[in-house]
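Student: Note that the protein sequences, when read in sequence, are chains A and B.
Just remember that the working numbering sits 174 ahead of the position in the first sequence, which is counted from 1.
Just remember that the working numbering sits 174 ahead of the position in the second sequence, which is counted from 1.
No lab work stands behind these hints, which were simulated from the structure alone.
Honestly, I wouldn't trust all of these hints.
Identical chains blur together in the list; that is why a pair holds if it fits in one copy or across any two.
Claimed, not checked - Under the rule of at most 25 Å between Cα atoms (straight-line distance), these lysine-lysine pairs were calculated in the BS3-like manner:
#: 1; residue 1: Lys534; residue 2: Lys762
#: 2; residue 1: Lys495; residue 2: Lys331
#: 3; residue 1: Lys257; residue 2: Lys190
#: 4; residue 1: Lys432; residue 2: Lys495
#: 5; residue 1: Lys762; residue 2: Lys305
#: 6; residue 1: Lys775; residue 2: Lys309
#: 7; residue 1: Lys497; residue 2: Lys424
#: 8; residue 1: Lys346; residue 2: Lys424
#: 9; residue 1: Lys692; residue 2: Lys309
There are 2 protein chains.
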Amino acid sequence: MALLIIEPYSVKVEVKSNSTILHALLLAGIKIQSICGGFGACGKDRIVVTKGLKYLNPPTKCERKWLSEEELSKGYRLACQAKVIADGVVSIFIPMESRIRLGEMKAIVNGFMRKVKLEPMVRKVHVVLPKPSLKDLKSDYERLLEALKERGVSIHKVDLDVLRSLPHILRKSSWSVTAVLWGNELISIEPGDTRREVYGVAIDIGSSKITMHLVDLVSGKVIFHSFLENPQLAYGEDIVSRITYAISGKNKAEELHKLLINAINELINVAVKQVGIDARRIYEFVVVGNTAMHHFFLNLETRYVSQAPYPPVVRRTVIVKAKELGIIGNLGARVTVLPVIGGFVGADAIADALATGILKTEDEVLLLDIGTNTEIFVGNKHHMLVCSVPSGPALEGAQILFGMKAVYGAIESIKIYPDGEVEYKVINNAKPRGITGSAVIDAIAELYRNGFINSRGKFRKNLGLNRVRKGKYGYEYVIEWGKKTAIGKDIVITEKDISEVMLAKAAIRSGVSVLMKKLGIKENDLSNIYLAGTFGSRINPENAITIGMIPPVSVDKVKFVGNTAIAGADMALLSISSRKEAEEIKSKVRYVELSAEPDFKREYVNSLYLPYKEE
Amino acid sequence: MALLIIEPYSVKVEVKSNSTILHALLLAGIKIQSICGGFGACGKDRIVVTKGLKYLNPPTKCERKWLSEEELSKGYRLACQAKVIADGVVSIFIPMESRIRLGEMKAIVNGFMRKVKLEPMVRKVHVVLPKPSLKDLKSDYERLLEALKERGVSIHKVDLDVLRSLPHILRKSSWSVTAVLWGNELISIEPGDTRREVYGVAIDIGSSKITMHLVDLVSGKVIFHSFLENPQLAYGEDIVSRITYAISGKNKAEELHKLLINAINELINVAVKQVGIDARRIYEFVVVGNTAMHHFFLNLETRYVSQAPYPPVVRRTVIVKAKELGIIGNLGARVTVLPVIGGFVGADAIADALATGILKTEDEVLLLDIGTNTEIFVGNKHHMLVCSVPSGPALEGAQILFGMKAVYGAIESIKIYPDGEVEYKVINNAKPRGITGSAVIDAIAELYRNGFINSRGKFRKNLGLNRVRKGKYGYEYVIEWGKKTAIGKDIVITEKDISEVMLAKAAIRSGVSVLMKKLGIKENDLSNIYLAGTFGSRINPENAITIGMIPPVSVDKVKFVGNTAIAGADMALLSISSRKEAEEIKSKVRYVELSAEPDFKREYVNSLYLPYKEE
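In isolation and in its complexed conformation, chain A is listed as follows (with noise of 0.2 Å):
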C-alpha cells in the first residue's frame, strides 16, 4: 500500500500496488477531468505530483504524447497513466484546469425521489443503567433490557456478537451505553452516548456500475457517493455471458460474488475515510440490482435465471447479516436487499418504482429504465404491468461503426438539414472521434424527418446528396469529413448502424406496445413518459418519438428523472414504509414475459418500421 495524499483537497488514501491515480481518486470520490474514460485518449487528467515521483511508473508513450518534456520534469503526469508501483509517500496536486465542478457527474449517481419520512429501521437509543450489587443480580443483558423497557423500546432479538461485547462495554463506559436497533433486533452495543452516529449505505449494482450513497440517518441527508465500474464487466458486457461464466465450472459463481463484494467493500472503505467516519458506525445497507446482479450478490443460482420460463430463485425482500455475506460495516449490520419482480426486472425495477411513486398515482403513466436490458412499466395505482426487453448494447454505442460512450470527444446530438448539411454537439467541444447512442437517434430521425431514409431506415435512391455515399458497408451518412474529426477518418453512420439501433428501438416500443395494449392504454391516455437511467437522461425526447422508440405524445409529458434505482435504495434506508411499499410494488406489479406473449413478435415486426407500423 502506498499513501496517495491529494492536494489541494488535503484527502489522504491508501491505493494499492499497480493502481492507477486515476482510480485512486475514483475511489476517494475526487472527480478530475477524464472525459475518455481513463484510456489516455483525452489528455485531460492531468496532475502535479510534488512528491514520490520514484513510486510511479515511468511516463507512458501516452503521456508524452499529451505532455511536454517540459512539463514532465515539473511532474505533469496523466492520471490515467501514472501507476504506483512501489510502497511510499505520493502527493500530487490538482490543477485547476483537471479540476471537474461538483455538479457534473451529478446525473449519474442520483435521481428524483420522492420526500419520505425519515424513519429508518436502525435506531439508536441512549440508556445509563444502575451498576449490579449483591442486592441486585441481573445478568448484564437484563439490566440492559430493563433500562430499555423504561423507555418503552422492548427487544425480541439479539445478535450473539452483542451479548459477547456487552460485558466489558458495559463496564468500560461506567454503565453508559448506546443501545443499536434494527427493529426489535439489538443489533450492537456502544460505549457512551452515540446517537449523532447513525450510517447507512445504499448500493445499486448495475451491470455495467455500482454506484453507492453513504447516508447520514440522522441527518437524512447522502454524505458521499461514488462508483466504480461493475468488476464483472471483465466476464462479459451482458448478463448471459456472466451468466454461462457462472455455470461453467465450480466456484466461478462465488468468484463473480466476491467481486461484487470486494467491489462494494472498496467503495465503503474509500468513503469512510474520505468522509471520516467509523465504518462500524455503518449499521444498514440496501442493495438494489436486476435479477442477475440481485443473485450474484447474495450468490444464489444465476443458471434458472437466464433458461426460459426464467425463474428467479426468490423475489421477496432477502435480509441477512453484513458479516455472513463479507460486508464491511458494524458487526451487527444488516443488508436488505430489495425484492425483485421477475424475469430480469429486479429490485432496481423495484426501486425505479418506488422512487417515482408511480403506483402512487391515477395517471397512467409509462417508465423505462433504459440499459443494455430495458425496463418497461405501463399503468397506475390500479393496474401496472412491467418486462424487460434485451435492447442490447448499440445505445451505449457498441456495434455502431464509430460508436463510443458519452465521454470526450463523443458527438452527443445531431441536426440534419433539408439540404442535406449537418450540425453536431461533441461533448467537450472536442474534435469529434465518434458517435454517442443517442446521437444516432438523434441522425436516424433527422434523415427520416427529411425523407433521406424511407421507414425501413433504408437510404433512398438517388438523393444527389454530398454527404450520403455507398460505403464499405452499404449505403452511409457522413457526419464529419476525415480532416475534421480526431481520429483523421470520416465519421459515418451507416444502414447498418441504423439496423441496430432500429433494433434496440424495436424491442423497446414492441415491448411498450404490448404492455399498453394489454391494459388498453392509448398514447393520449399516458399523463407522463418518465425515462430513467444514464442513457435515458442523455436522449432527445423528440427524436426518440419520431423513431418510434416512445409512443408520440407531447414532450413536456417526458421527464427525466436519472438513476432512480440509487434514489429508491435511499427511501428504503431512511424510511420503513418505503420497504413495506417496496413489497407492495412486488405484488402489485404484474411481471409480463414477452417470450409468452402471443401479440408480441407481430408488435416487435411492427416496431421495426419508423417510426412504428399502424395495423
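With chain A's structure known, arrange chain B on it following the hints.
Tutor: Below, chain B alone, put in the same frame as chain A:
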C-alpha cells in the same frame, strides 16, 4: 488418520495419530473395562490386535507389567497404552473379559426424566411442487411457500443457505422436496422425502465431563450416548482457575471455547458414524452447563461471573446457529442453550429442575446436584429457591490423603463396628488402592456413630483401639493394613481428611439450611430429597444424614435421579413446551447469593459440627 476396526462389533472408526485405542473406543461408544480411567493402573482394558500391529507404538513398560510375553506375542495390548502412531488399518478384538455390561455406565450418562409429549421444534414437511412454466412464473422460493401454505405451514424466515441450495435441489429431485422447519423458520431443504430422518443432540457440558445424547426426533429415543473428558481440565479442575486462565491474555477465552467446540464435534462425528446417519440430518442441539460452561460454550465473557456480585452476561435462553459456533450438523441447525439462573447456577440446574419436575409439585422438595459446585434447590411450585455452594473436590476424593475417584481398586463403602474393626467394599473386589469421597462419608458417619470422633470430627482420646493412632498428619484411622493393600501402605483416614469432607458437607448443609429457613421449611416438611449427579448417585443416604450433609429425613425419601442435566436437555429437544418450561423455571426460581445472606456465616459454622449444631 488410521482406520480402526473393532470386533466382534464390526465397528469402524477413524483414529487420529497419537490417540490411544481406549480414546477411540470411548468415542465409538464402545464400553470396555477401564476402571482406573486409562492410567494403566488396572490392566483390565485388554484387547487383541489382529491386524496392523505395526501402526501402533511398541508395548509400554506398563503393558509389560500386566501382560505376559506370550500374551504380547499373541497381540494382546492394553487399550489405554496402545497408541496409533501411523496411518493404516488396525483391527482389534475385544475379548469377553474386557467387555462391560451395557448398564454399568448408565447412571453416569442418563438421568430421571419426566414423560413429555413428542413435539420438537424441528419438523419436516414433504411437498411436491408444480413445475414453473411461461404461464406460471413464480420464483422458486415463492413456489415452495405456496405449496407449504396449502399444507397449513407458514414460514416467517428463511436462511440464505436455503435459498442458495433451493434451485438445484428442486430440480435434482423433480420438485419433490422436504422442507425442514425450526419453529416457523425454514432452515433446510432436502431432495425427496426425508421425513424419517430427524435428529437432535443434547449436550451437558460439565466441568469435568461432556455428555452427549443423539436423539431420534421421530421416535423420541436416545439412539446413542457417549461422553468425553472436558478438555478444559488441562487448565484447572475448578472453574475459577479456568476463568483466571481465560482472562490472562488475548485469545485465551477463545481457546477454552474452541476446546469445548472441538470436543463436541468429536462426539458428534463418532456418534453419526456409529449409528450410520448423515450429520446433515442433525437439525438441533440443546446445550446445558453451569454458568461458566455456558459462557465458555458461547464464548461470552467469564470475567465477571467470578467476581462479586457475579452477574452472568445473559440469563434467558440463547439461540444461535450451529454454523456460527462451528458445530457439525445441518448447515441450518440451531443451538438452543437453556437459560441460567444466576451466579454459578446455570442451565444444568434448569435442566435438573426440568427433568425432575420439582416446580410442578405442591410438596416441598430438596434437590442437590453434587459436584465441585453443588446446586441446591428448595421449595415447591409456589416458591423455589436455589443457591450454589463450592463443595470442592474432596467429595471426588481429591485433597484426601488416600482419596481417589470411584474407579478400580477404590474402597467405595465402609462399615465400622463398635469394637473398632472395619469392613469395606472395593470396586471390582480388587485389592484396595484408595478411598472414594463417599466412603470417607461412610467412615466419618461410622466413627461418629460409634463415638470414636466427636462432633468436631476429632478422635476422642484414649480409645484404646488398634486402628486409631497418631500418624504423620495427626490422628488417623487405619482402614486396611499395608500388607493387604495394592499399594503396600496402610490406607488411613486422617483427621485432616475428615475435616476436608466436613468442610464440603458444611458448605452444602449451610446452603440447604439458609434456603429452608428463608422459606420457613422444616425437615418434616420435605416430601423428597433428590440427589443428582455422579457423586450423588454413590452416596449412602443414611450416612449423609448422620454426618448432616442432608437434613434428617426418612431414608426412603431420598431419591437418586442420576444425570438430570442431560435428561433435561433431552426434554427440551423433544418438546417445545419443555423449552417454555425452562424459561418459566428461570423466571420462577429465585437465586440466592449466599454471600449476601446474613445468616449464611452462622449456618456455615453450625454445619461444621456433626451432624449439625441446632441453636
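Student: Work down the list of hints and note, for each, if the structure agrees.
Tutor: Hints, one by one, checked against the model:
Taking the closest pair of Cα atoms, Lys534 and Lys762 come within 25 Å of each other only inside a single copy of the chain (11 Å); across copies the shortest separation is 52 Å, beyond that limit. In the homo-oligomer, the alpha carbons of Lys495 and Lys331 lie at most 25 Å apart both inside one protomer (14 Å) and across protomers (13 Å), since each shortest distance falls under that limit. In this assembly of identical chains, the alpha carbons of Lys257 and Lys190 lie at most 25 Å apart only when taken from the same copy (10 Å versus 51 Å across copies). Both within a single protomer and between protomers do Lys432 and Lys495 lie at most 25 Å apart by alpha-carbon distance, with minima of 16 Å and 23 Å respectively.
Taking the closest pair of Cα atoms, Lys762 and Lys305 come within 25 Å of each other only across two copies (23 Å); inside a single copy the shortest separation is 52 Å, beyond that limit. When the C-alpha separation of Lys775 and Lys309 is checked against a cutoff of 25 Å, the pair qualifies only between copies, where the shortest distance is 17 Å, while the shortest distance within a copy is 80 Å. For the homomeric pair Lys497 and Lys424, the shortest alpha-carbon distances inside one copy (24 Å) and between copies (22 Å) are both at most 25 Å. Taking identical chains as interchangeable, the C-alpha atoms of Lys346 and Lys424 lie at most 25 Å apart only when they sit on different chains, with a minimum of 17 Å there against 47 Å within one chain.
In the homo-oligomer, the alpha carbons of Lys692 and Lys309 lie at most 25 Å apart only across protomers (16 Å), although the nearest pairing inside one protomer, at 73 Å, exceeds that limit.
In this structure, none of the earlier numbered hints is contradicted; all agree with it.
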